[in-house]
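In the order they appear, the protein sequences are chains P and Z. Mapping of the first sequence onto our numbering: residues 1091 to 1585, in sequence order. Mapping of the second sequence onto our numbering: residues 73 to 782, in sequence order.
Hints were generated in silico from the structure; no laboratory data involved. It cannot be assumed that every hint is accurate.
[Unchecked claim] Simulated pairs of lysine-lysine, DSBU-like, Cα-Cα distance not exceeding 35 Å:
hint: 1; chain 1: P; residue 1: LYS1459; chain 2: Z; residue 2: LYS635
hint: 2; chain 1: Z; residue 1: LYS617; chain 2: P; residue 2: LYS1459
hint: 3; chain 1: P; residue 1: LYS1459; chain 2: Z; residue 2: LYS745
hint: 4; chain 1: Z; residue 1: LYS617; chain 2: Z; residue 2: LYS570
hint: 5; chain 1: Z; residue 1: LYS706; chain 2: P; residue 2: LYS1325
hint: 6; chain 1: P; residue 1: LYS1149; chain 2: Z; residue 2: LYS84
hint: 7; chain 1: Z; residue 1: LYS387; chain 2: P; residue 2: LYS1149
hint: 8; chain 1: Z; residue 1: LYS641; chain 2: P; residue 2: LYS1459
hint: 9; chain 1: Z; residue 1: LYS632; chain 2: P; residue 2: LYS1451
hint: 10; chain 1: P; residue 1: LYS1179; chain 2: Z; residue 2: LYS421
hint: 11; chain 1: P; residue 1: LYS1179; chain 2: Z; residue 2: LYS706
hint: 12; chain 1: Z; residue 1: LYS640; chain 2: P; residue 2: LYS1451
hint: 13; chain 1: P; residue 1: LYS1149; chain 2: Z; residue 2: LYS319
hint: 14; chain 1: Z; residue 1: LYS595; chain 2: P; residue 2: LYS1104
[Unchecked claim] To list a few chain Z residues with every Cβ distance to chain P over 12 Å, as calculated:
hint: 15; residue: ASP271
hint: 16; residue: SER278
hint: 17; residue: LEU301
hint: 18; residue: HIS321
hint: 19; residue: TYR400
hint: 20; residue: LYS421
hint: 21; residue: MET426
hint: 22; residue: ASN565
Positions of the beta carbon are idealized from the N, C-alpha and C atoms, including for glycine.
Here are the chains, one letter per residue:
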Amino acid sequence: MLALGGQGGGVLTKWLVDTAEANGYLAQSTYIAGVAQRTGATVYCIEMFPADVAASIGKQPVFTPYPIPGDVDLVIAGEMAETGRAIEKGFVTPNVTTLIASSHRVYSVAEKSAMGDGILDQSIVAEVAASASKRFVCFDMQAAADEAGSVISSVLLGAIAATGALPFDRGAFEATIRGSGRAVEANLRGFALGFEGASRDTPLAAAPAEELPVATPEGVNGEALAARIAAELPKSVQAIALLGALRALDYQDASYADSYLDRVRDIASVDADAGGEHRAFALTAEVARQLALQMCYEDTIRVADLKTRGDRMRRVREQLAVHEDQPVRVVEYFHPRLEEVCDTLPAALGGFVSRSSGVQKLLAPFFRKGRTVATTSIGGFLLLYLLAKLQRFRRGTFRFGRQQAFIREWLDRIAAAAHEDYDYALSIAHCIEIVKGYGDTYARGLSRYRSMIDAVGREATSDRAQVVRRLHRAALADEQGRAFSDALLELEAAR
Amino acid sequence: MVERSFRREVEKLRLRAGEEFAGEGILAITKALLQSGVAYVGGYQGSPISHLMDVLSDAQDILAELGVHFESSANEAAAAAMAAASVNYPLRGAVTFKSTVGTNVASDALANLASGGVTGGVVVIVGEDYGEGSSIMQERTHAFAMKSQMWLLDPRPNVPSIVAAVERAFELSEASNTPVFLQMRVRSCHVHGHFVAKDNRPPEMSLKEAMENPRRDLNRIVLPPASFLHEHEKVNQRWPAAVEFIKAHALNERFEGERDDLGIIVQGGLYNSLLRTMERLNLADAFGAAQIPIYVMNVAYPLIDDEVVSFCRGKRAVLLVEEGQPNYIEQAINSVLRNSDCATRLEGKGVFPMAGEYTSQVLRSGVVAFMQRHDPGYVAPDNPMRLVAKFVERIDGYVPPRPPGLCTGCPERPVFASLKLLQQELGEFHVSADIGCHLFSILPPFDIGNTTMGYGLGAAGASAFNTDSDRPAIAIMGDGGFWHNGLTSGIGNAVYNKSDGLTIVVDNNYSAATGGQDLLSSKTASTSRSTQHPIEKAAQGVGVKWTRTVRTYDIGEMRKALKEAVTKKGTGPKVLVAQSECMLNRQRREKPQVSAAIAGGERIVEERFGVDEDTCTGDHACIRLSGCPSLTVKPNPDPLKRQPISFVDNSCVGCGNCGEVAHEAVLCPSFYKAEIVFNPSRVDRLLWRLRQGFIGWLQGRADRRRLETA
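Please take these sequences and the hints and turn them into a complete structure.
Written out as structure tokens, the structure is:
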């Protein structure tokens, strides 16, 4: 059994040993915790032997403390990556091993801390698990445990009982849970869900292909946008363009959404000229996605708007699983820097402050510390509510003008590239995703994007798409930018 | 507040003669100690024998009834020195620690003890932290046994054999006036099994009796000329006495088999896994009846020469299963066979790997290789790994590693977040790390720490960098390490040698990494021990001028203090005590109280953190400054965005680190803190309704407007 800290691996081991000993078996268990007792995985090993056979011979069996590859009848993994690890350790053998695994994930630090998407593709683990084992029982046992209000160990025990991999019936396992005297009801609920889940035995469905949800316009403006999209854009990009247009509408207004569609349409015609129909207008689709995000950049106005919406409050409460009339105080953590405030100021004023080091020095003390705002208090809510109202003045802010120029430059670059090298244009369209967020994240992304564009501009014509992709990957490899500067140096050296 | 409570299980220690004991190896050892009539027990916690200390600690009532003194020693040297009580008096005593690290620390006392010899039996129970799950350098305790001539027991890993070994160890110790090591492997410590109990025995002589009738024998004190005498005594009297006892009581076991042209010699601790491996190869049955004769060395040192020779003589070849290196046993057996003109070929490290744990797979390969050499075709060389190889290959390197890390809400996390932010501001520092949970800082996401030289030696490990620099070395030490020896070896040393460096002492109220045992500086009042002695005062006491105690979660303060400490010159060594209670222990203490209070209708406010999914950009900078298990990721609900977003799951304990980090690192505005009110008062409800009414009204207006323009 491979269990993570807090999954109740020790309890499950004890249940199995108790069940065995109460039902005519001798049993031995042992485990390796070591430093893994904190947040790593613990491996438990259990052996059982029929007591009557031992008694008839008058000897005790020799139990081993080590699992032996090729000789493990039942492998239990409390999580999907651990399932992979069980296979990696050689514990799972075809025709021998029943493998019971929870399909949920507990991400490792390596996966979580990636600057982009670092998550393991678990469909490969599932596929190998199915072919490497005699029987593979896999479903989300954590969800079942949550539903039962128990720990995953009880669900795992239910699944073990259902597979018949151990020579004990359901009642024997349930009796053990009752006998333990702790959280009996919740554990029996978890056990029942585990038993059902494993009995259902639906083969694990392959992960569904990524599909865009179809957005539905809610009002006349949205419908007008949808109509425009249907009339002006190729079919394969309509779904994403609608998402983007509605985002721009929500962000600013109908005319902003129209200007979004104007830009997408322009790229679509460039795309068509460059032979895009053979590639499902991949360039237009990517631009439609990234353009929406760049046009709907997160400024203080947007953040204030999102934080004060009714939906958002409902979502927070849902996530906390509080009941309807339970008071919850929500405190937001902000640390606006002078830059963000300049961005929201009228262009002339913002520009002046951002250029004047004297004024910056004067204002600096006000931005040294982070601030907290309680959005559930009247004062805090009003502050953000009124800030969100500045939306109507957004077009006059310092950032807005800069952002539009930035977008224009990016689009021009794509259009110019598309005629010569479609892949290159596509890579430029994609790589702008590193420009996102706030504060340091935004500054870092922007500066890397600029260096990337500069570097590739100096490149000879061949393989520029490759270069951009490589730099794009490197830009997301580490925060300090070691990989990125190495990649730049490499490029320099190759020239 | 220890991690695992044995309050219920320790009742098993009261079992009477003939009753059946069922439980873990560690608990069985404790029972065996009581059955042996120990007068005192001491030790220092550490995997895999932490639970032994915890069991003893929880069993204080039972120990007191029997008149047994138990002590959580300051360190392993202190524990070993305790055994001095057995030098002059027939007092049986046991000490325990993890090995080889603990044995390293204890070896001064052990060497002195072994030199003078003992009157009462002394058993040193070492938890051999070797192989999978180990957190230390891979060495053998065997070397210590050889160099000090202490005997080393390595019993078969089943509970009855372990219990018998404890009892025999005392007798062996007394018969040979020599302290005896009992080696417990990791898996044996945690093995579940049964044995038939005996009655507990009070010590034959009480400690009080001994103290009040002091005995003194100049020949037992390690000082010339007695020290020269001791060496001769060891080889001329104690060793032969030990050999005699081991033979007379058949501590080593010999199992005959039909293939008497071959043989296997195995360390007791490896017997079970060897047997099951042989069973899979059809060389033995499930009950241990093997075709090839087996000599089980339950005593790994000393070697019983004539037993070995008589086992080997007449055999073509003998396989030696000896885990770890150097291969001391193999060398010794070869020399014995040579001296007795025995031509039997010994196969050891030739068929087994020189280094590394002897897992079932390794044992299998070794046995198969041995048989191939000496009786080709006798066993089918079919390897079950062949069946799984292609699956192993497909998944190999694919699964992300899951190294241990700091727990949810750990108070050490903000210390390293602060350090990381300091390094982002001032550049990187040389960081001398120490042993303890804080050593997880060397792994992602913090990547802080250059070396670790042993428990409590963080500050000493930085002592060479005692030279003027704008980047002084930073040393880290836990409260456990501080009291273990760090106060003298690190802080006192830095004061005396006029260092200008910084030592951060991570004070979480417990020896946390070993399971949450109390320390001198623990905040909780203890009836059996004296606690609440502040680390800062101790540092000042040895002459540190610059000391600060900062609450770890206060990242702003922490950064300020760190910056001052590394930039201020000429004040001598600086000690920054980073103080906050270990969250694991705090939760264990508070959670039941909070649940009870909520159930009892009391007004309780619980805090939790969250990330707003529509403002999170999926950059995960927050995770790179945290690594908290509850701060994780989930697929981005926004179909336009590809990167997974950060997400705080419901295991969050509301420690506050996320908010502090968001503020100090100028992250994003996505973090929020939710204060959930359980059993709200009437005022709470009224205010809540008023606020919600007003806010809801404004939100409704905004929603309607949005719909109009949608």
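Hints and how they fare:
The suggested pairing of LYS1459 (chain P) with LYS635 (chain Z) holds, with an alpha-carbon distance near 17 Å, which does not exceed 35 Å. A hinted pair counts as satisfied when its Cα atoms are at most 35 Å apart, and LYS617 (chain Z) with LYS1459 (chain P) qualifies at roughly 30 Å. With a CA separation close to 17 Å, the supplied pair LYS1459 (chain P) and LYS745 (chain Z) stays within the 35 Å bound. Of the pairs offered as hints, the one joining LYS617 (chain Z) and LYS570 (chain Z) holds, with about 11 Å between alpha carbons and a cut-off of 35 Å not exceeded.
Distance restraint check for LYS706 (chain Z) and LYS1325 (chain P): the Cα-Cα separation of roughly 30 Å lies within the 35 Å cut-off, and the hinted pair is therefore satisfied. Restraint check for LYS1149 (chain P) and LYS84 (chain Z): satisfied, since their Cα atoms lie roughly 26 Å apart, inside the 35 Å limit. With a C-alpha separation of about 28 Å, the suggested pairing of LYS387 (chain Z) with LYS1149 (chain P) holds against the 35 Å cut-off. Distance hint between LYS641 (chain Z) and LYS1459 (chain P) is fulfilled; the C-alpha atoms sit about 27 Å from each other, no more than 35 Å.
For the suggested pair LYS632 (chain Z) and LYS1451 (chain P), the alpha carbons sit about 21 Å apart, so the restraint of at most 35 Å is met. Restraint check for LYS1179 (chain P) and LYS421 (chain Z): the C-alpha separation of about 24 Å stays at or below 35 Å, so the hint holds. Between LYS1179 (chain P) and LYS706 (chain Z), the direct Cα distance comes to roughly 28 Å. Compliance with the 35 Å bound is thereby established for this hinted pair. Between the alpha carbons of LYS640 (chain Z) and LYS1451 (chain P) the distance comes to roughly 25 Å, so the proposed pair stays at or under 35 Å and holds.
Restraint check for LYS1149 (chain P) and LYS319 (chain Z): the C-alpha separation of about 25 Å stays at or below 35 Å, so the hint holds. The suggested pairing of LYS595 (chain Z) with LYS1104 (chain P) holds, with an alpha-carbon distance near 34 Å, which does not exceed 35 Å. Every CB of chain P lies more than 12 Å from the CB of ASP271 (chain Z), the least distance being 24 Å, so the non-interface label holds. Here SER278 (chain Z) stays apart from chain P, with its beta-carbon at least about 37 Å from theirs, past the 12 Å limit.
Here LEU301 (chain Z) stays apart from chain P, with its beta-carbon at least about 43 Å from theirs, past the 12 Å limit. At roughly 21 Å, the least C-beta separation between HIS321 (chain Z) and chain P is larger than 12 Å, which holds for a residue marked as non-interface. Distance check for TYR400 (chain Z) against chain P: the nearest CB is about 23 Å away, which clears 12 Å, and the non-interface claim stands. For LYS421 (chain Z), the shortest C-beta to C-beta distance to chain P comes to about 20 Å, beyond the 12 Å cut-off, and the non-interface label holds.
The Cβ of MET426 (chain Z) sits about 20 Å from the closest Cβ of chain P, beyond the 12 Å cut-off, so the non-interface label holds. Taking the minimum C-beta to C-beta distance to chain P, about 28 Å, the non-interface status of ASN565 (chain Z) holds against the 12 Å cut.
Checked against the numbered hints listed earlier, the structure breaks none of them; every hint is satisfied.
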